[in-house]
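Engineer: Residues per chain are reported as follows:
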Amino acid sequence: MTSEVREKKIKTNGIWLNVAEKGDEGEPLVLLLHGFPETWFSWRHQIDFLSSHGYHVVAPDLRGYADSDSPPTHESYTVSHLVADVIGLLDHYGTAQAFVAGHDWGAIIGWSLCLFRPDRVKGFVSLSVPYSPRDPNLKPSDLFKSFGDGLYITQFQEPGRAEAAFAKHDCLTVMKKFLLTTRSDFWVAPPNTEIIDDLEVPSTLPDWITEEEIQVYADKFQKSGFTGPLNYYRAMDLNWEILAPWQGYKIVIPTKFIAGDKDIGNEGANGTIKYVKGEMFKSIVPNLEVVVIEDGHHFIQQEMSERVSQEILSFFNKLRNITE
Amino acid sequence: MNRFVKVNGINMHFAEKTPSFTDNGASRPPPVILFLHGFPELWYTWRHQMVALSSLGYRTIAPDLRGYGDTEAPESADAYTSLHVVGDLIGLIDAVVGDREKVFVVGHDWGAIIAWHLCLLRPDRVKALVNMSVVFEPWNLKRKPISMFKSFYGDDYYICRFQVSQEWGFYILQEYGEIEAEFAKVGTERVLLEMLTYRNTGPILLPKGKSYDDPVSLPSWLTEYDVKYYVSKYEKSGFTGPVNYYRNMDRVTINFCFARCRTWEMMGAFSNAQVKVPVKFIIGDKDLTYHIPGTKKYIHEGRFKSHVPLLDKVVVIKGVGHFLHEERPDEISKHIHDYFLTF
Chain U
23 MTSEVREKKI
33 KTNGIWLNVA
43 EKGDEGEPLV
53 LLLHGFPETW
63 FSWRHQIDFL
73 SSHGYHVVAP
83 DLRGYADSDS
93 PPTHESYTVS
103 HLVADVIGLL
113 DHYGTAQAFV
123 AGHDWGAIIG
133 WSLCLFRPDR
143 VKGFVSLSVP
153 YSPRDPNLKP
163 SDLFKSFGDG
173 LYITQFQEPG
183 RAEAAFAKHD
193 CLTVMKKFLL
203 TTRSDFWVAP
213 PNTEIIDDLE
223 VPSTLPDWIT
233 EEEIQVYADK
243 FQKSGFTGPL
253 NYYRAMDLNW
263 EILAPWQGYK
273 IVIPTKFIAG
283 DKDIGNEGAN
293 GTIKYVKGEM
303 FKSIVPNLEV
313 VVIEDGHHFI
323 QQEMSERVSQ
333 EILSFFNKLR
343 NITE
Chain S
1064 MNRFVKVNGI
1074 NMHFAEKTPS
1084 FTDNGASRPP
1094 PVILFLHGFP
1104 ELWYTWRHQM
1114 VALSSLGYRT
1124 IAPDLRGYGD
1134 TEAPESADAY
1144 TSLHVVGDLI
1154 GLIDAVVGDR
1164 EKVFVVGHDW
1174 GAIIAWHLCL
1184 LRPDRVKALV
1194 NMSVVFEPWN
1204 LKRKPISMFK
1214 SFYGDDYYIC
1224 RFQVSQEWGF
1234 YILQEYGEIE
1244 AEFAKVGTER
1254 VLLEMLTYRN
1264 TGPILLPKGK
1274 SYDDPVSLPS
1284 WLTEYDVKYY
1294 VSKYEKSGFT
1304 GPVNYYRNMD
1314 RVTINFCFAR
1324 CRTWEMMGAF
1334 SNAQVKVPVK
1344 FIIGDKDLTY
1354 HIPGTKKYIH
1364 EGRFKSHVPL
1374 LDKVVVIKGV
1384 GHFLHEERPD
1394 EISKHIHDYF
1404 LTF
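In the order they appear, the protein sequences are chains U and S.
The working numbering puts the first sequence at residues 23 to 346.
The working numbering puts the second sequence at residues 1064 to 1406.
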């Protein structure tokens, strides 16, 4: 399945990123941005599908992950750095404008790309994480305080804390706890409990992933660790600060948002699905389509790979005026 | 009119001068010009343009930028990246003009750099730009500005002297403050006079232990009153805020263990980006910036235009130095009005 995926290292923005690639280089470029805690491998189905439907697919291991460089401190993991990494990739391929799809933190990078460099994005598909208006008076760490210490984001802040908690489990178990989660609350652990201990591993694997595939992730994280990936969370306040120029900004890029109705943060009345179907989201992303996939959880491009692949393809094709 | 507004977490002071008449009684609001001052100045540097242009029907707004004058000055150099300053300006325009409104922008010196970055980050808010003194240089990973200045002019070059002064081997110790301490010894008034009256086309060098005893004579365009105004504000707010802008020009890492997030880092997202706003650029032929190696060629032989494709006009004014809008206020006001009239 991924036998024809080429992997190579590309220098961008002063660092080396490991990039998976498939498809004809003459075709329009699709950039796939993974989330936490993943690698380009999360896109394996879409890489095959999109490359066999007329696209040149490029999927990096993001800064801090797997075989890419991992600068040591969180100050090097702001969205400005991540966007610069991506721009460097597009420059490397000589792509003036790319189709972009991002999941989880990859979606945040995609949104940021639409702020910083709308001139380089033809269309954007966001999986799981919508664009939220920036509150000029409330920085992320203050917002998270209201969820208490049990919130995973809060637990990820202190350098070393989550790393130590994760290290109590082997990497395969850690990956299973994340990838196989069916929790749709906001991931708040009970008092005096680390989230990694609170996440459960189901007794059987679901049909959309194999033990070998999970091992692929485990091997990568065993080698590269979790500090790089956790640094994204540690830069959230810094991101809020530097996104001030886009206060009140409306995303002008044609966008499709896709999420499972059982994704993280969808429990209860004020979940993500309610937000993305509402007026506020539409007002700041006016050129928007929303797709909610029934029974889908967080790692949706793996769990519902065919559906997500089709949704991405039809969206990008539509922007190219191609119909099935 | 002096006003204050809370934007982007700081209290910002700005001066405003509105037109004294309405435009033919038409109900549309007057066009707005946002003026961005440089170093070591204040909103006050634009006093002549604000009078002239408001009488021609513009609403003129000139803030003290973050760190300057009566605007708040956060302590850390980390808070002086272009993204912070542009964030302030977007907040200012939103609050004072309207959150869907575009403005004309006029920039000089550091204000010109901020104006370039405002055009990169939020071209949707800028109708047209008149920029002065400092050209747009796209971000370049290979070019480290401080090393470049060091190689041109040596360690005593003022921009080099503004940088971090101490790295103590393995210890993560960043000591800013050396230049501020030296300025304090020399005295605020003398420091300002040295900068504001600088007429040399060569680089500003600040060797340690340089004497500042020779009398300074004021040029015709700078009065005692003007100097008093600058001095009173700088004595109150100091030089750290203003100098912090320079401390963001380059990457800051110490021993690879400790990185700070500076403008240099964050503009990586704009590598190869062009400024896509209509621009008129004005510079004096006695301006020290005009004489930085490579600049004349850059301006006149096409590269400037390749990075600013909507660069409509470049004006080089003979016999005029760095503070051109104070030296030739009427001429500059006319240039501004003539250009903005076309939009």
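If you're looking for bench data, these hints aren't it; they were derived computationally from the structure.
Just so you know, not all the hints are guaranteed correct.
[Stated by the list, open to error] Computed footprint of chain S on chain U; a stretch qualifies when at least three of its residues, placed anywhere within it, have a C-beta under 8 Å from a C-beta of chain S:
hint, segment
1, 107-116
2, 132-144
3, 168-180
4, 203-212
As the structure is a computational prediction, the values presented were derived from the model and not from experiment.
Yeah, the Cβ is synthetic: ideal placement off N, Cα and C, and Gly gets one too.
Engineer: Please name the hints from earlier in the document that this structure breaks, with their numbers sorted from lowest to highest.
Structural biologist: 3 and 4
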